[in-house]
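Chemist: Protein sequence lines correspond, in order, to chains A, B, C and D. If you use this note's numbering, the first sequence corresponds to residues 11 to 376, in order. If you use this note's numbering, the second sequence corresponds to residues 11 to 376, in order. If you use this note's numbering, the third sequence corresponds to residues 11 to 376, in order. If you use this note's numbering, the fourth sequence corresponds to residues 11 to 376, in order.
These are computed hints drawn from the structure, not numbers from a lab. Wrong hints could be hidden among the right ones.
The list treats identical chains as one, so a pair stands whether inside a single copy or across any two.
[Unchecked claim] With a Cα cut of at most 20 angstroms, we get these calculated EDC-like pairs of lysine to aspartate or glutamate:
hint : residue 1 : residue 2
1    : K245      : E301
2    : K245      : D272
3    : K245      : E42
4    : K299      : E266
5    : K245      : D81
6    : K256      : E266
7    : K245      : E255
8    : K163      : D212
9    : K256      : E160
10   : K153      : D272
4 protein chains.
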Amino acid sequence: MRAPDRTNGAPTTVAVVGLGYWGPNLLRVLVEMADVRVRWICDLDPERLDRFQRRYPSLATTRYVNTVLDDPEVDAVFLATPVFTHFDLASRSLRAGKHTFVEKPLAPSSEMAEELRRIAAEHDLRLMCGHTFIYSPPVRALKRMLEREELGKVFFVSSSRVNLGLHQTDVSVVWDLGPHDFSILLYWLEEMPSSVRAVGRDSIVRGLPDVAFITLTFPSGILASVELSWLAPSKLRRTVVVGSEKMVVYDDGTSEPLRIFDHGVVYQDPETFGQYHLSYRTGDIVSPKVETYEPLSAELGDFIEALRSGVSLDWHTALGKNVVHITEAADRSLRDGGTEVSVRRELVAAVRHRALEGSAVEGFIP
Amino acid sequence: MRAPDRTNGAPTTVAVVGLGYWGPNLLRVLVEMADVRVRWICDLDPERLDRFQRRYPSLATTRYVNTVLDDPEVDAVFLATPVFTHFDLASRSLRAGKHTFVEKPLAPSSEMAEELRRIAAEHDLRLMCGHTFIYSPPVRALKRMLEREELGKVFFVSSSRVNLGLHQTDVSVVWDLGPHDFSILLYWLEEMPSSVRAVGRDSIVRGLPDVAFITLTFPSGILASVELSWLAPSKLRRTVVVGSEKMVVYDDGTSEPLRIFDHGVVYQDPETFGQYHLSYRTGDIVSPKVETYEPLSAELGDFIEALRSGVSLDWHTALGKNVVHITEAADRSLRDGGTEVSVRRELVAAVRHRALEGSAVEGFIP
Amino acid sequence: MRAPDRTNGAPTTVAVVGLGYWGPNLLRVLVEMADVRVRWICDLDPERLDRFQRRYPSLATTRYVNTVLDDPEVDAVFLATPVFTHFDLASRSLRAGKHTFVEKPLAPSSEMAEELRRIAAEHDLRLMCGHTFIYSPPVRALKRMLEREELGKVFFVSSSRVNLGLHQTDVSVVWDLGPHDFSILLYWLEEMPSSVRAVGRDSIVRGLPDVAFITLTFPSGILASVELSWLAPSKLRRTVVVGSEKMVVYDDGTSEPLRIFDHGVVYQDPETFGQYHLSYRTGDIVSPKVETYEPLSAELGDFIEALRSGVSLDWHTALGKNVVHITEAADRSLRDGGTEVSVRRELVAAVRHRALEGSAVEGFIP
Amino acid sequence: MRAPDRTNGAPTTVAVVGLGYWGPNLLRVLVEMADVRVRWICDLDPERLDRFQRRYPSLATTRYVNTVLDDPEVDAVFLATPVFTHFDLASRSLRAGKHTFVEKPLAPSSEMAEELRRIAAEHDLRLMCGHTFIYSPPVRALKRMLEREELGKVFFVSSSRVNLGLHQTDVSVVWDLGPHDFSILLYWLEEMPSSVRAVGRDSIVRGLPDVAFITLTFPSGILASVELSWLAPSKLRRTVVVGSEKMVVYDDGTSEPLRIFDHGVVYQDPETFGQYHLSYRTGDIVSPKVETYEPLSAELGDFIEALRSGVSLDWHTALGKNVVHITEAADRSLRDGGTEVSVRRELVAAVRHRALEGSAVEGFIP
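The following block holds chain A by itself, in its conformation from the complex (with noise of 0.2 angstroms):
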C-alpha cells in the first residue's frame, strides 16, 4: 500500500492520539502548521477530549482508536501514549496505511523497534520517533562543531538529567528520561557504544529505579557518562563535552545553552629518555548565538516534509531503534548490579550522510 500523495495542494489529514503528557504539545504544533488539517484527537478521557475540542472546535473526538484507523482520508497518525503500547498501536497504525508517528522510546524492546521498521518498509511508510532533542538548535550547533573537528579529537562526555521530575509508574528514570541522552549522543558521535554499564536505586517505589548513574564505552575510545534522576533538588540538564582542543558546556533550557571553551592540555612528548611535559592552555569562553525556533516544529516539519516528498527517513527510524538498544542495555545492567552489557553494533551509515546533507531545518542554524 502507498501513501497517498497530498502534493497536489491538499492538506495532509492528521490524528493525535493520547493527550496526556506530550500529546498537546503535538497537537498544538499541529493545530498551526500550514496545510496540515488535524482532523482527529483520540483518548480515553472524556474530560480530556472535551477540553481540547473546546479549545480547538474543529476536531472529532473519540476514545477509540479503530476510529481514527479506519478513517481513510488520515494520512498520517501521531501517537503519544505509554511506552507499553507504542509497539500494538504503531504496527496497527502503519497496517492501515498511515504514516506513524511515535513519542519516544520507538517501542519497549529493540525487537519490536525493528519489527516496526520492517513494517513501516513494507507498507512504503513513514515512520519516525520523537526524538526531539536532536532538532533542538544547541545539539545541532554543536554536531555542526564536531563534524568540522573543532574539539579535536573527544575524550569524555558528562551529563545530568535530573530534576525533582515526574515518576513515571510503568517504566524506570532509564527508559523515561535515557532515550533524551543516548539519542543525542548518537547523534553527535555517529557511533554506537560497545558496552553500558549502570547502578541505581529504587528510592521511592520498591522495582522501579529513580536514580541511575550509567556509562558508556565507544569503540573509538570516548568515554559517556550520564545522570538520570527524579529525585534532584533542582532541574539540570547540563552535558559536558571534553576535546583535546575544546570543551564544550551544554545547558539546555538557559539563555546561554552553549558555552564553548578554548581550554586544553598541550602535552609535550618526552624527548630522548627524559620526561613529557603537559601544560595548560586557557583562552576565551564563548557563548555562540544559537538559534531559539521550536525543536518540536522542526521536527514535525520534517515528518511531514518526508511523508509528502517521499523521501527516506531510515536513519531516523535506525536512531530511534538504536536508542531502544542503548536503554535496553542500561536497564539490564541496572537490574543486574551494574554489570557490563555489550551492546550490538547497528548504527546505520545514514546517520552520518544525514548531517553532510542537511535537512529541512538545517536552514535555520547559522
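Chains B, C and D: place on chain A using the hints.
Modeler: Coordinates of chains B, C and D only, in the frame set by chain A:
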C-alpha cells in the same frame, strides 16, 4: 619511646618536609599558630628553601630529612611529599619518636596505612592524615544535619570534583582527588561502602587516568556517584545529598556553600488493591549561615592539641586508612575496566563517637 | 446607566481591542476562563484578525471599535492599544456602558486618568488598569512581608528593569517600563513619592529616551532608584529592598524569584561621650516557596468578579492614576535634564485597605 | 631637593605608614618586591606593630611618623591612613624629600590635592595616589577595547558597587567607594563629567550617607550611573558599558570578569517621509581570557620604577586630583538633596597619552 610532654608551657617544635604545592600552606598556618615554633623546613630544591627562608628568616633549612629526624628538639613532623614517599618517611619519622602528620592519602596501600597506624600505636605517638575537608565548615554543618536526621533517609549522593587541574605524574586522578570525596562520605555516612566500581580514561598521558566515574554501594542501600577529572572547562566541587525529607547541595568555595532544599516525594501506600500515589513537595530553599574559619588551621590545631594532651587520634587514622582502602578499590576497578571490587568493612566505631563528642573545632560551628 | 447584572449564570460577554504585543495574552486568558465568552476581537490589521480567528473560530472580528461598542451583548471591553489611544477609547467604551479594562498606563496624562475615573464612577461601571505585576506571586509575597514588618524599617529600594527591549515608537522608556516599577512601589510602600528625578538619554532615536535613571524620594524617608533601559546586554528585572532587619532580592522570572537575606547592621548608641558602635549581622538566606499561578489570569479574574459582584475597584484605578502621576513627573524631570519634580500626594486610603481585606487571588498566596 | 638616584643597584628603601585595613596589603606586596627594602612600619597602635614585626622580623617599628621622615635612608613613604590625614602627612613627607604614595582619595579636597601636586613638582618627587582599579586586568582590557573603538559609540555606563560593607566613621559612602568608580570612568572615557547629581540616605548613622545613587553627565553625551552602598545583601561590583556596536559587563572578582556582548540596535534612517526602522542584533557572547596578576603589585611596581627612572607620574596625580573633584561634587549634590553640581574640566592630556604609550604593566595584558 614516649613523646616529650610539652604542656609545661614550652612551644611545640615542628618541621615541615616538602614545599611543593601544599607544604607552603602547612608552613603558613603553622608559623601563625601561637605556641608552635617551626624550626625546620626541608625540601630537595634549594631554591624553594631560599624563597621560604627569605619570607620567614627564623627558619632553619635542610635538604636532608635525617637532619630533621635527628634533631631532639623537634616534636612533630609534617610531611607534604609525593604519595610514594609517605610510607617510608612517615615510618622513619615515627620511629625517630616524632608525632607525624602526613598529607592525604595516608599511604599508597592499605597495608602500609595499617602498618603506620601500628607503628604509631607502638610508640604512643600521634599520627594524622591531612583530610582537610572534614574540617571544612559546610562539611561539618551537613554532618550535624545528618546526625539530627534532618534529611530523613539518605537515598544517594552525587558528587563532581573537576577542573582543568594539575596533572600528577605519579598518581592517577583517583588517587589525587578521590580521597577528598571518600573522606567526606565516610565522615558523613559513618559506614564503609561494600563495593566500588570505576570507569575512566587516560586521555592525555598513556596509563595515567585523568577522568573517572566512580560508584559506591553502601550496606545501608545508599548509593554514591563520584565524578573526578583533571579535564573540565570550569572548576566544580559540588556534592548533592538526596534524602527522603530534604536535599542538600554542597558547593565548595562559593558564597553559599550549603543550600538546603525542603523538597521531597510523598508516597502513599496503595489502598485495597488500588495504585500507590506520589506527590511532590517543594518548600523553601535555605542557605544557612556557615562559619568561614580556615579548615587547615582547625585541622592542624586538632593535631597539635592531641599531641599535647595525649588524646587519641585513632578515629582519624582509621578514617585515613579506610580512605586508602576505597581509593585502592576504585583504582583497581578502573584498571580492570569497571568490574565490581568489594571493600572490607572496617570503619572503626570511633568515627561515630567522634561526631557526638565534638572536637576543638566543633565550637566554631553553629 | 447600570451595568447589567450577569450573576444569574449567563457568561460575561467581552471584546478584546488591539492584538499587537499584549492583546493576544489577554485573549488567550479570557478564552480559557469559565463563564466568559469572548465575542469580538478588534484590530486595524485584517491579517491579525484572520490569524486569531483561525485559532479561535468562534470569534467575530471587526476593524471598527464602534461595532464592538454598539453591540448590546458586550459587557466588558479590554483595550490593548497604543498609549495615546487609551483615553479616547476608554472614555467611549465607558460612555457606551461597557466595563472597561485598559492596558497600562491608564492614560497619557493624569488629568485624563482622573477623567476616566470620573466617567466610570458616573456610570457605575468597573474600570481597571492592567498593572499585572501587583498580581505577581513574588510581589504579593513581599507585600505580605512588608505588612508584617518583617524587614524592619525600609531604608531604600533599588530596581533594574533592562534588556535589549522593544523600542516603542510613541513613548519613551519611562512610559513603557516605568509603570511596572511605580505600580510595584506604590503597592508595597503605600505612599506616594514626594519628588522624582530622572536622567536619561536618547541613544538611538533622537528625542526618544531609551535609558533612564530615576530616583524617588518618599515622605517616610524611603529612597527608591529605578534603572530603565531598552539597551542592555541581558535581561534583568531585579529589585532589592533593604530594611533594618532583612534585605530582599526580587528577581522576576527566575527559579527563585524572592531571596530573603537575614542580614543587617546593629547600631549601638554612643555611651556617655564615646563613639557609636556598628556591627554586622549575616544570617541565613531563604528562597521561600512562591506560588506559580499566572498573574494575568488572577488580574482578569479580579476584574470579571468585580463587574459581576459590583464591588468597587476604586483602589485599583487610584493606583493606575497615581502611576500616571509618577510617570509624568519622571518624564518631565528627564526632559528638564534631571531637575526635581514634585508629586502630589494622592494615594487613596483604599490601597492600604485592600491589602488587609484580601481579594480573590489572595487565597493563592501562602 | 632631588630624590637620590638609586639605579646604581641599591634597593629602594621604603616605609609603610598606617596598618589598618589596606596598609597590610601594601606591606605584603612591598616585602616581596625585589630591590625594595621595607625599613619602617609606622602605626599608632603598638599591638599592630608587634603583630607585623613578628611576621616580618627585619622591620623597624615606630609610632611616630617623624621618625620615618627623619630617616635619610628612606626613599619613599606609603601612606595608608584615614582620609583626613592625607594632606598633612603627604605634604610633610614630600617636604622631607620623600617620594610619596597616598591611598585613595589623594586628599579630602581638590584644593589640597592640587597643593600636593604642586609640592611634589616643586621638589621633583614622585607622588602617586592608590587607584588600584586602573591596574586591574579587566579594567585595562576594556580600556584597550575602548581605544580600538570596538564598542562603537559609547552611550552609557551603569555601575553598582555594593555589599554589607565596612562603615567608615569619618567619610560617607561617596568618599569611600566613589573614587573607585570615578577613577575607572576617567581612565576609560578620558573626559571629565560636566555635572554630577547624587541622591542618598543616611540609613544607619545620622549624617553619614551609606547609600548613594549618582549620575554623571559627560560633554560627549555619555551618561554614567553609579550606585554605591554599604547596605546590600550581597557583594556586587558590576559595571555595564553600552556602546552602539557592543556591550560589556565587567564583574569584578568573578571567574569571568569581562563579558562582551556582540549586541546592538540597527537603526535605519527614514526613507522619503516614511518612518525609521529599528532592528536588534544579538550575536555571540565572549568572555575573553584576562590575565590574573595582582593589580596592587603592578601599581606599586609602576611607582617604584618611576622614582628610580625619574619618569613623570603627572597623568597619575592628575587622575587622582580629578577623582577628588568628582567626589566633592557628588558629595555636595547629595548633601544638597540631588541638585546638579558642575565639575570643572581639567583632565590632563596625559591620561590619553598614557594609554598609547603603555607602562610597565602593559606588557602583562594580551
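Chemist: Could you run down the list of hints and mark each one as holding or not?
Modeler: Results for each hint:
1. Taking the shortest alpha-carbon separations for K245 and E301, only the inter-copy value of 17 angstroms comes in at or below 20 angstroms, while the best intra-copy value is 22 angstroms.
2. Taking the closest pair of Cα atoms, K245 and D272 come within 20 angstroms of each other only across two copies (15 angstroms); inside a single copy the shortest separation is 27 angstroms, beyond that limit.
3. Taking the closest pair of Cα atoms, K245 and E42 never come within 20 angstroms of each other, the shortest separation being 29 angstroms inside a single copy and 29 angstroms across copies.
4. In this homomeric assembly, K299 and E266 come within 20 angstroms of each other (Cα to Cα) both inside a single copy, at 8 angstroms, and across copies, at 18 angstroms.
5. With identical chains, the CA atoms of K245 and D81 are never at most 20 angstroms apart, being 42 angstroms at best within one copy and 49 angstroms at best between copies.
6. Taking the shortest alpha-carbon separations for K256 and E266, both the intra-copy value of 17 angstroms and the inter-copy value of 17 angstroms come in at or below 20 angstroms.
7. Taking the shortest alpha-carbon separations for K245 and E255, only the inter-copy value of 18 angstroms comes in at or below 20 angstroms, while the best intra-copy value is 29 angstroms.
8. Taking the closest pair of Cα atoms, K163 and D212 come within 20 angstroms of each other only across two copies (13 angstroms); inside a single copy the shortest separation is 37 angstroms, beyond that limit.
9. Taking identical chains as interchangeable, the C-alpha atoms of K256 and E160 lie at most 20 angstroms apart only when both belong to the same chain, with a minimum of 7 angstroms there against 26 angstroms between chains.
10. When the C-alpha separation of K153 and D272 is checked against a cutoff of 20 angstroms, the pair qualifies only within one copy, where the shortest distance is 17 angstroms, while the shortest distance between copies is 23 angstroms.
Of the numbered hints listed earlier, those contradicted by the structure are 3, 5.
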